[in-house]
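For the sequence shown, this note's numbering gives the first residue as 1, with consecutive numbering after it.
Treat each hint with caution, since some may be false.
Below 30 Å or equal to it, Euclidean Cα-Cα: the simulated DSBU-like pairs (lysine-lysine) are [stated by the list, open to error]: (1) LYS235 to LYS304; (2) LYS78 to LYS138; (3) LYS401 to LYS85; (4) LYS18 to LYS6; (5) LYS193 to LYS304; (6) LYS304 to LYS138; (7) LYS148 to LYS132; (8) LYS148 to LYS506; (9) LYS109 to LYS308; (10) LYS401 to LYS459; (11) LYS459 to LYS148; (12) LYS193 to LYS298; (13) LYS18 to LYS138; (14) LYS78 to LYS401; (15) LYS459 to LYS133; (16) LYS18 to LYS158; (17) LYS308 to LYS323; (18) LYS132 to LYS325; (19) LYS133 to LYS158; (20) LYS315 to LYS325.
Beta-carbon label-pair distances, calculated as ranges [said to hold, decoys possible]: (21) ASN219 to LYS138: 40 to 48 Å; (22) ASP385 to THR511: 44 to 52 Å; (23) TYR462 to LYS132: 56 to 64 Å; (24) ASP449 to PHE116: 48 to 56 Å; (25) ARG389 to ILE342: 41 to 49 Å.
Simulated from the structure, these hints should not be mistaken for lab results. Where is the CB? At the ideal position from N, CA and C, for every residue including glycine.
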Amino acid sequence: MEFSGKERGAVLQNMKDKTFDLLVIGGGITGAGIALDAVSRGMSVALVEMQDFAAGTSSRSTKLVHGGLRYLKQFEVKMVAEVGKERAIVYENGPHVTTPEWMLLPFHKGGTFGAFTTNIGLRLYDFLAGVKKTERRKMLSASETLNKEPLIKKDGLKGGGYYVEYRTDDARLTIEVMKAAVAHGALAVNYTKAEEYLYENGRISGATVRDQISGETVNVRAKMVVNATGPWSDKMRNKDGKGSKSLRLTKGVHIVFDQSIFPLRQAVYFDTPDGRMVFAIPRGDKTYVGTTDTFYDKDPIHPKPLPKDIDYLLKAIHFMFPKVKVTARDVESSWAGVRPLIYEEGKDASEISRKDEIWESDSGLVTIAGGKLTGYRKMAETVVDLVARRLGGNFQPCQTKHLPISGGDVGGSENLPAFVKAKTKEGEASGLSAEASRAIAEKYGTNADHVYAYAKSWKDDYPLPREVYAVLKYAVEQEMVVKPVDFFIRRTGALFFDINWVRKWKEPVITWMAAEFSWDEETEQAYRKELEEALREAVPEV
1 MEFSGKERGA VLQNMKDKTF DLLVIGGGIT GAGIALDAVS RGMSVALVEM QDFAAGTSSR
61 STKLVHGGLR YLKQFEVKMV AEVGKERAIV YENGPHVTTP EWMLLPFHKG GTFGAFTTNI
121 GLRLYDFLAG VKKTERRKML SASETLNKEP LIKKDGLKGG GYYVEYRTDD ARLTIEVMKA
181 AVAHGALAVN YTKAEEYLYE NGRISGATVR DQISGETVNV RAKMVVNATG PWSDKMRNKD
241 GKGSKSLRLT KGVHIVFDQS IFPLRQAVYF DTPDGRMVFA IPRGDKTYVG TTDTFYDKDP
301 IHPKPLPKDI DYLLKAIHFM FPKVKVTARD VESSWAGVRP LIYEEGKDAS EISRKDEIWE
361 SDSGLVTIAG GKLTGYRKMA ETVVDLVARR LGGNFQPCQT KHLPISGGDV GGSENLPAFV
421 KAKTKEGEAS GLSAEASRAI AEKYGTNADH VYAYAKSWKD DYPLPREVYA VLKYAVEQEM
481 VVKPVDFFIR RTGALFFDIN WVRKWKEPVI TWMAAEFSWD EETEQAYRKE LEEALREAVP
541 EV
């Protein structure tokens with residue numbers, strides 16, 4: 001199936017001539033997971049997304065596939081057990097986008113956790129999540145804790161817990177799941193908005209969708225429709241008939257520093273002055289910290305980090321890492337994301353459960369909302385089980401527990417280092433440096449071959465160097481990049497973790513894309529302006 005940015009119009013045209021078993025509205029991790037689950041069982045599947053894939057919540061998380069240790073405090077035992085077990089499944093199916101990361105949980109006199117509660121909590125966590133022996137928790141003394149991370153506050157330090165979480169690139173995880181769905185036969189298209197539902201005899205039978213690029217409208221028909229639109233779930237339910245308010249949106253902000261300013265060497269999960277907990281995580285030559293958790297009632301498309309959000313996180317850093325004298329001027333980049341949580345009256349933002357919920361309307365519209373990035377595969381299984389029952393066809397049971405996502409078929413996580421080593425040598429043969437070749441193998445997994453092939457086809461007179469050209473060409477041809485922001489935010493993560501690289505290559509990338517897509521001057525200027533706005537939003541005002 002086509003998944004090229006230049007062929008997305010053709011994909012949309014292919015949708016209008018068929019009746020699918022399932023239409024999925026929403027191209028975040030939940031929608032992508034549902035599409036992959038359904039198509040791998042033998043269903044015909046179409047998916048539409050009004051922005052770019054993963055442009056909403058699914059590119060703006062803490063970038064952890066984690067079991068939700070803090071939810072034990074709220075007695076969410078079932079959820080911790082389920083998502084904890086899912087971590088290992090997500091990892092094995094895509095080890096190129098998910099990595100085990102040892103996390104340090106320091107405890108201080110008077111803090112949220114003490115030695116006893118940390119020990120019991122992590123032991124229960126290991127049990128519920130089915131953690132393998134090599135990744136089970138360890139308890140550390142105060143001196144051992146400081147040895148792991150010398151920047152931690154010494155005053156009142158009593159020790160620490162040491163346990164494994166899983167670090168991920170949330171947007172790339174979403175893209176790889178979507179590519180797997182397309183490889184199995186799903187039709188998926190971004191920048192296509194579901195405007196109205198279609199009905200036959202009072203039953204939902206598809207949607208009228210508008211191409212946000214060309215303006216063309218197409219009817220996409222399906223026997224079942226799933227609304228997986230995250231923060232827009234209530235809005236899309238209301239198009240089908242007035243539903244009760246089910247979501248409460250909260251905003252989470254993260255900030256990024258260069259390691260030269262915040263030289264964190266160990267991921268830390270720590271107390272804030274107001275009794276919440278946040279993460280500080282090293283990633284390459286950067287350190288990022290988050291998240292805030294505040295109610296949000298504005299437009300979910302453009303949540304912005306506000307000065308008070310930045311100030312909150314800076315105070316948290318100064319509280320736990322007193323030697324780190326960072327200010328708002330040191331924040332290199334940032335992002336804000338909106339979480340769709342199931343409404344619970346009287347609870348503050350950080351207390352609301354992260355559980356997921358499914359609603360089925362009288363017309364047959366199925367809505368899935370809430371949940372966590374970690375649980376995407378299990379949520380998809382539950383939704384597609386329901387769809388299969390309603391369709392009544394002879395479909396296979398869920399196939400995704402041991403189904404590698406795109407790029408993930410490297411022979412299991414244990415074989416990843418050997419795979420990367422072998423691939424790195426192949427990449428060097430395409431003219432790439434050893435460093436660039438290795439980075440591509442680590443990031444793209446088995447899809448590295450395609451990137452290397454583009455690197456080999458590079459010519460001296462191109463406006464981009466070989467490595468940038470190769471990953472951009474791959475993103476356009478095989479990851480449905482349409483705009484420069486798609487490439488710089490969702491396909492590379494560079495706007496968050498290498499903003500100077502974006503500044504360096506933005507004009508050559510726009511020039512190349514303008515020629516590749518044959519943009520007129522007005523379109524090119526609009527996309528340039530959109531990227532400039534994204535750059536401004538990422539750098540907080542001081």
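Here is how each hint holds up against the structure:
1. Taken as a hint, the LYS235 and LYS304 pair is honoured in the structure, with Cα atoms around 21 Å apart against an allowance of 30 Å.
2. With a C-alpha separation of about 23 Å, the suggested pairing of LYS78 with LYS138 holds against the 30 Å cut-off.
3. Our distance criterion of 30 Å between C-alpha atoms is met by LYS401 and LYS85, whose separation comes to about 11 Å.
4. Using a Cα cut-off of 30 Å, the hinted pair LYS18 and LYS6 holds, with the two alpha carbons roughly 22 Å apart.
5. Distance hint between LYS193 and LYS304 is fulfilled; the C-alpha atoms sit about 23 Å from each other, no more than 30 Å.
6. Pair hint LYS304 plus LYS138 does not hold up; C-alpha atoms about 38 Å apart against a cutoff of 30 Å.
7. Among the hinted pairs, LYS148 with LYS132 is consistent with the structure: their alpha-carbon atoms are about 22 Å apart, no more than 30 Å.
8. This hinted pair does not check out: LYS148 and LYS506 have alpha carbons roughly 38 Å apart, beyond 30 Å.
9. Only pairs whose Cα atoms come within 30 Å are accepted, and LYS109 paired with LYS308 is accepted, the gap being roughly 28 Å.
10. In summary, the hint linking LYS401 to LYS459 is not supported, as the alpha carbons are separated by about 42 Å, beyond the 30 Å threshold.
11. Taking the CA atoms of LYS459 and LYS148, the gap is about 47 Å. The hint is violated against a cut of 30 Å.
12. Among the hinted pairs, LYS193 with LYS298 is consistent with the structure: their alpha-carbon atoms are about 20 Å apart, no more than 30 Å.
13. Restraint check for LYS18 and LYS138: not satisfied, since their Cα atoms lie roughly 55 Å apart, outside the 30 Å limit.
14. Taking the CA atoms of LYS78 and LYS401, the gap is near 19 Å; set against the 30 Å cutoff, the hint holds.
15. Distance restraint check for LYS459 and LYS133: the Cα-Cα separation of roughly 50 Å exceeds the 30 Å cut-off, and the hinted pair is therefore not satisfied.
16. Taking the CA atoms of LYS18 and LYS158, the gap is about 64 Å. The hint is violated against a cut of 30 Å.
17. Taken as a hint, the LYS308 and LYS323 pair is honoured in the structure, with Cα atoms around 22 Å apart against an allowance of 30 Å.
18. Taken as a hint, the LYS132 and LYS325 pair is broken in the structure, with Cα atoms around 38 Å apart against an allowance of 30 Å.
19. Between LYS133 and LYS158 the alpha-carbon distance is near 25 Å, which keeps this suggested pair within the 30 Å criterion.
20. A hinted pair counts as satisfied when its Cα atoms are at most 30 Å apart, and LYS315 with LYS325 qualifies at roughly 10 Å.
21. Range check, ASN219 to LYS138: Cβ separation about 58 Å, and the 40 to 48 Å hint is violated.
22. Between ASP385 and THR511 the beta carbon distance is about 48 Å. The supplied range of 44 to 52 Å therefore holds.
23. Separated by about 46 Å at the C-beta atoms, TYR462 and LYS132 break the suggested range of 56 to 64 Å.
24. Range check, ASP449 to PHE116: about 52 Å between beta-carbon atoms, so the 48 to 56 Å window is met.
25. Range check, ARG389 to ILE342: Cβ separation about 23 Å, and the 41 to 49 Å hint is violated.
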